[in-house]
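Protein chains: 2
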Amino acid sequence: MSADRKAVVLLSGGLDSSTTLAIAQAEGFDVHALSFDYGQKHRFELEAARKLAEVAGVSRHVIVSLDMSQFEGSALTSDLAVPKDRSLTEMESTIPITYVPARNTVFLSVAMGWAESLEASDLFIGVNAVDYSGYPDCRPEFVRAFETLANLATKSGVEGTAKWKIHAPLIQLTKAEIIRRGNELGVDYALTHTCYDPDDEGRACGRCDACLLRLQGFAQAGLSDPACYRIRA
Amino acid sequence: MSADRKAVVLLSGGLDSSTTLAIAQAEGFDVHALSFDYGQKHRFELEAARKLAEVAGVSRHVIVSLDMSQFEGSALTSDLAVPKDRSLTEMESTIPITYVPARNTVFLSVAMGWAESLEASDLFIGVNAVDYSGYPDCRPEFVRAFETLANLATKSGVEGTAKWKIHAPLIQLTKAEIIRRGNELGVDYALTHTCYDPDDEGRACGRCDACLLRLQGFAQAGLSDPACYRIRA
Numbered sequence: 001m002s003a004d005r006k007a008v009v010l011l012s013g014g015l016d017s018s019t020t021l022a023i024a025q026a027e028g029f030d031v032h033a034l035s036f037d038y039g040q041k042h043r044f045e046l047e048a049a050r051k052l053a054e055v056a057g058v059s060r061h062v063i064v065s066l067d068m069s070q071f072e073g074s075a076l077t078s079d080l081a082v083p084k085d086r087s088l089t090e091m092e093s094t095i096p097i098t099y100v101p102a103r104n105t106v107f108l109s110v111a112m113g114w115a116e117s118l119e120a121s122d123l124f125i126g127v128n129a130v131d132y133s134g135y136p137d138c139r140p141e142f143v144r145a146f147e148t149l150a151n152l153a154t155k156s157g158v159e160g161t162a163k164w165k166i167h168a169p170l171i172q173l174t175k176a177e178i179i180r181r182g183n184e185l186g187v188d189y190a191l192t193h194t195c196y197d198p199d200d201e202g203r204a205c206g207r208c209d210a211c212l213l214r215l216q217g218f219a220q221a222g223l224s225d226p227a228c229y230r231i232r233a
Numbered sequence: 234m235s236a237d238r239k240a241v242v243l244l245s246g247g248l249d250s251s252t253t254l255a256i257a258q259a260e261g262f263d264v265h266a267l268s269f270d271y272g273q274k275h276r277f278e279l280e281a282a283r284k285l286a287e288v289a290g291v292s293r294h295v296i297v298s299l300d301m302s303q304f305e306g307s308a309l310t311s312d313l314a315v316p317k318d319r320s321l322t323e324m325e326s327t328i329p330i331t332y333v334p335a336r337n338t339v340f341l342s343v344a345m346g347w348a349e350s351l352e353a354s355d356l357f358i359g360v361n362a363v364d365y366s367g368y369p370d371c372r373p374e375f376v377r378a379f380e381t382l383a384n385l386a387t388k389s390g391v392e393g394t395a396k397w398k399i400h401a402p403l404i405q406l407t408k409a410e411i412i413r414r415g416n417e418l419g420v421d422y423a424l425t426h427t428c429y430d431p432d433d434e435g436r437a438c439g440r441c442d443a444c445l446l447r448l449q450g451f452a453q454a455g456l457s458d459p460a461c462y463r464i465r466a
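So the sequences go chain by chain: W and B.
Just so we're aligned, residue 1 is where the first sequence starts under the numbering used here, counting upward by one.
Just so we're aligned, residue 234 is where the second sequence starts under the numbering used here, counting upward by one.
Careful: at least some of the hints might be erroneous.
If the Cβ cut is set under 10 Å, some of the chain B residues that face chain W in the computed set are [claimed, not checked]:
id : residue
1  : E260
2  : A335
3  : V339
4  : L341
5  : A348
6  : L406
To spell it out: a stretch of chain W is covered by chain B in this simulated footprint if at least three of its residues, at any positions, have a beta carbon under 8 Å from a beta carbon of chain B; those stretches are [as the list claims (entries may be wrong)]:
id : segment
7  : 59-71
8  : 154-164
9  : 167-174
Please keep in mind that the hints were generated in silico from the structure rather than gathered at the bench.
Because the structure is a prediction, the values reported are computed rather than measured.
All C-beta atoms, glycine included, are put in the ideal place defined by N, C-alpha and C.
Generate the whole structure from the sequences, applying the supplied hints.
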């Protein structure tokens, strides 16, 4: 593969997307990172995304504003309380209210548009179907359906000048495996932001689904989590 | 069907989407209209969308801002010149530079998110595969692929509480048939904006692909176009 083959990488600023970015670079892609200001309450992740993109030395980092808080229904964008202290069994059995309707579909669609204008046809997304919160748009069948769509929705796909590929390199990894892989690639997890419900200083709660999965992942990887928590779980 | 079954209708402010809205209402749907401020140069269409939504008496009209002009490559969002005076054969043979990468995919994705928060699963889009400008995301196979995606990407689709349907009622109609149908349903086409390259007063150029297809449609329907042109074609 040419060393300057461009790819658009979705970068939330969290652990999974920063590891995905490092994997894309390790595979030789010229990374263009894309983040969204979508009315999320945990806006510290955007600052994290900025730092991570800078440290990784990506070619370009774009933050697109898209106000999804106009649409009610998710605890990530409204005043609904973020659930705390749920067991892994609870996480796996229901789709929680932190689910943002259509989020990954919207993010991939915009990434596809940017990629097409760059004459690229590779997208990276850090979805994970193992240690995840039960979101429908994190599953392999969703990723495959989007790939099919991309080849029908774009000028390059239809004209046959590109074969679109949605890379989801974490999809079958456990959180511990993701952390080990990122560690090998030199990801500085101190820069990442994971918590759905940080305090005003950006410190993590240690009790939401995202924090609990992260902490469990570091424990299982035998590594110490460098993130800043307001309560050590 | 229950008279209050909700649907999200993509409303650009043009002829096709305003006819689609009227069809959704005629089918008994409680219409929630969605427009996008995506950095388009022909911003008069947003004012048109506002008036059309108001006149139609929709339950809610939301304009979502999403700045796609950061991504280069389309004459609709950049300084590239809008092509003029092309023949229908030219329009049909190539995808023009007015193509905005991934536009309909992005619009449908956001519509899907809003619909899911409304507990709706019906989306309407006024794409047309007959008298169209050769855009890949206006074809039946694109619409079907998005429907498949919607059923995999959403909580309601995965839990089986909804079967998503992407309604594209214009997809097999000629422009003349669309205009006749809208006329029967009482659409006021004087309120619609079609031109890709209006002047400062919002008057249509009469020469871009969109104007030419519109004018031909009215001629073939045997009706007079009430739009305001700066040059009568």
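- Query: Taking 10 Å as the limit, does the beta-carbon of L406/B come near enough to a beta-carbon in chain W?
  - Reply: 21 Å, violated
Hint status (Cβ of A348/B to nearest Cβ of chain W, threshold 10 Å): 8 Å, holds
**Coverage assertion for the segment 59-71 of chain W with respect to chain B, Cβ distance below 8 Å, three residues required** = holds (count 8)
Restraint: L341/B near chain W, CB-CB cut 10 Å. Satisfied or not?
Cβ of L341/B sits 8 Å from chain W, so the hint holds.
Check your understanding: Hey, does the E260/B contact hint survive, CB to chain W under 10 Å?
Key -> 23 Å, violated
Given a cut of 10 Å on the nearest C-beta pair, is the interface hint for A335/B held or broken against chain W? 3 Å, holds
Verify the coverage statement for the segment 167-174 of chain W against chain B, using a C-beta to C-beta distance below 8 Å and requiring 3 or more qualifying residues.
n = 0 at 8 Å, threshold three: violated.
Worksheet entry | Hint validity - V339/B Cβ closer than 10 Å to any chain W Cβ | 4 Å, holds
Coverage assertion for the segment 154-164 of chain W with respect to chain B, Cβ distance below 8 Å, three residues required = holds (count 5)
Checked against the numbered hints given earlier, this structure breaks hints 1, 6 and 9; the rest are met.
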